[in-house]
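Residue 62 in my numbering is what sits at position 62 of the sequence shown, and the numbering runs on without skipping anything.
Source of the hints: derived by calculation from the structure; they are not laboratory data.
Where is the CB? At the ideal position from N, CA and C, for every residue including glycine.
Hints may be right or wrong, so weigh each one.
In silico lysine-lysine, BS3-like type, Cα no more than 27 Å apart, as pairs [unchecked claim]: (1) K156 - K136; (2) K180 - K156; (3) K156 - K139.
Here are the in silico distance ranges between beta carbons for each label pair [what the hints assert, rightly or not]: (4) E179 - G53: 30 to 36 Å; (5) G53 - G28: 17 to 23 Å; (6) A140 - S13: 39 to 45 Å; (7) E67 - S13: 21 to 27 Å; (8) L3 - G117: 20 to 26 Å.
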Amino acid sequence: MNLGIVPVIRAPSAELAQRAIDAVRAGGIDVIEVTMTVPGAVPLIESLVRRYGSDMLIGAGTVLDAETARACTLAGAAFVVSPILDEPTIASCRSYGVPVLPGALTPTEIVRAVRAGADMVKVFPCGAMGGASYIKSLKAPLPQVHLVPTGGVSEKTAGDFIRAGASAIGVGADLIDVEKLRAGDTDSIVASARRYVNAVQSARAAMG
């Protein structure tokens with residue numbers, strides 16, 4: 001995840017999810033997280049892995065249990081993301097050697113996630129806790145932890161999160177508007193993806 005942007009793909013159909021993926025890819029983002037809320041998410045992941053190979057990092061999101069984590073891993077998911085901290089899910093991913101990003105919010109939960117084997121920690125819902133300022137507060141006592149804020153991330157705040165110490169950002173509806181997908185307007189999603197890329201790269205460049 002060198003780029004540092006993880007588009008969270010939530011769509012009412014696999015077809016619309018595919019449109020979203022093609023759009024963010026055209027916008028310069030080569031990482032996506034297919035959530036389990038997408039109908040047929042696991043076979044979609046398997047199809048995407050076959051289609052894009054090593055050109056794109058395909059992950060699984062909204063994974064709530066070890067059984068689902070295993071199914072996603074066997075389908076070829078390159079990483080697994082959860083909105084919750086579930087130790088069996090972390091253990092399943094570790095057993096298959098797949099990076100796992102459990103969800104946590106408080107410092108206690110974050111440290112617990114790391115001790116359980118998390119590679120990175122999804123801070124969710126970050127926007128409800130103050131956004132970038134919350135990440136900065138967390139990084140002060142936990143500089144070694146790789147945090148991925150999700151929830152409340154927008155084009156305007158993307159750079160703020162990176163400057164606050166986020167290792168990456170999870171981006172949902174602000175980037176991928178389902179109504180625009182339904183209307184066939186993928187150009188605006190491509191343009192938004194490019195703006196996100198510029199925001200993150202500019203923030204990192206400013207940090208040296």
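*asked:* Assuming the hint says 20 to 26 Å, is it satisfied by the Cβ distance from L3 to G117 or not?
replied: At roughly 24 Å between Cβ atoms, G117 and L3 fall inside 20 to 26 Å, so the hint holds.
*Is 30 to 36 Å right for how far apart the beta carbons of E179 and G53 are?*
Since E179 and G53 have Cβ atoms about 31 Å apart, the given range 30 to 36 Å holds.
*Could one say that the CB atoms of E67 and S13 fall in the range 21 to 27 Å?*
holds, 24 Å
_Hinted pair K156 and K139, Cα distance within 27 Å_ = holds, 21 Å
*Does K156 pair with K136 here, judged by a C-alpha cut-off of 27 Å?*
holds, 17 Å
*Measuring from beta carbon to beta carbon, are A140 and S13 in 39 to 45 Å?*
The hint (39 to 45 Å, Cβ to Cβ) holds, given that A140 and S13 are roughly 43 Å apart.
_K180 and K156 were given as a pair; does the straight-line alpha-carbon distance stay at or below 27 Å?_
holds, 20 Å
_Does the beta carbon distance between G53 and G28 stay inside 17 to 23 Å, or does it fall outside?_
holds, 18 Å
When each numbered hint is compared with the structure, no violation occurs for any of them.
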